[in-house]
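Student: Residue numbers (the numbering used here), protein chains in the order written: chain A, 59 to 154; chain B, 809 to 925.
There are no misleading hints in this set.
Simulated restraints on C-beta separations:
1. B:P848 / A:L92: 40 to 46 Å
2. B:T855 / A:G98: 54 to 60 Å
3. A:P99 / B:T855: 54 to 60 Å
4. A:R68 / B:E890: 19 to 25 Å
5. B:T855 / A:R119: 27 to 33 Å
6. B:T876 / A:C93: 53 to 59 Å
7. B:E890 / A:G98: 56 to 62 Å
8. B:R864 / A:A61: 25 to 31 Å
9. B:T862 / A:A103: 55 to 61 Å
Worth flagging that the hints you see were computed from the coordinates, not collected in a lab.
Cβ coordinates follow ideal geometry from the N, Cα and C atoms, glycine included.
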Amino acid sequence: MAAAERERTRWARELHDETMQSLASLRIGLAAQLCRASPGPLADAVSEAVAQLEVDIGNLRSLITELRPALLDELGTEAAIGDLADRVIAAGSRST
Amino acid sequence: MKIGLAYESGRASDRHTSEVETVIYRIVQESLTNASKHGPAHRATVTVEEDETTIRVTVQDDGRGFDTTAKSSGFGLLGMRERAELLDGTLEIQSAPGQGTTVRAALPAQRRTAQAA
Numbered sequence: 059m060a061a062a063e064r065e066r067t068r069w070a071r072e073l074h075d076e077t078m079q080s081l082a083s084l085r086i087g088l089a090a091q092l093c094r095a096s097p098g099p100l101a102d103a104v105s106e107a108v109a110q111l112e113v114d115i116g117n118l119r120s121l122i123t124e125l126r127p128a129l130l131d132e133l134g135t136e137a138a139i140g141d142l143a144d145r146v147i148a149a150g151s152r153s154t
Numbered sequence: 809m810k811i812g813l814a815y816e817s818g819r820a821s822d823r824h825t826s827e828v829e830t831v832i833y834r835i836v837q838e839s840l841t842n843a844s845k846h847g848p849a850h851r852a853t854v855t856v857e858e859d860e861t862t863i864r865v866t867v868q869d870d871g872r873g874f875d876t877t878a879k880s881s882g883f884g885l886l887g888m889r890e891r892a893e894l895l896d897g898t899l900e901i902q903s904a905p906g907q908g909t910t911v912r913a914a915l916p917a918q919r920r921t922a923q924a925a
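Same shape as in the complex, but just chain A:
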């Protein structure tokens, strides 16, 4: 069980340090170009890509927190459970 928890922590870190960073820098790069782009189908496509990346980054962040909440290690159970309750409530209101 401790090994499983370590494995989750490892995955959470990997997803955060690799996948999340890469998506975030992609988003920043595209958003910066978008500011300078002249209106047209290309700008629309980039704008759509940026919006999609933001959704994906949000989903990835939830997944990482579910794997291993950083708050639990940093601040302990009370803070982490408070945050968990907020997320469960938010997820519930999204699905109804």
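Dock chain B against the given chain A, drawing on the hints supplied.
Tutor: Structure of chain B alone, referenced to chain A:
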């Protein structure tokens, strides 16, 4: 779903060991996930009470409930019990169809300083 949260950490200032913190968190996480996904609950209450020796975790919901003797009652629940027992704790689940679900766990406290000493 509404969630009521009561966390009574008593006077102890030292944190629990990481193992204990993880189990407390995972029990609450699993119970709330069950409550929101499977037992469409309107309300859940999470209570954590700690004293010098014991941490008591209770998660109660008003969802559909389930038959705890059914074979299909799930790996999630078995996992919660297994986690509690690995720390010499106990976990019991009270539920019946239409009655909501109550998960109660009791874990022996292990503080970080006590472990280091």
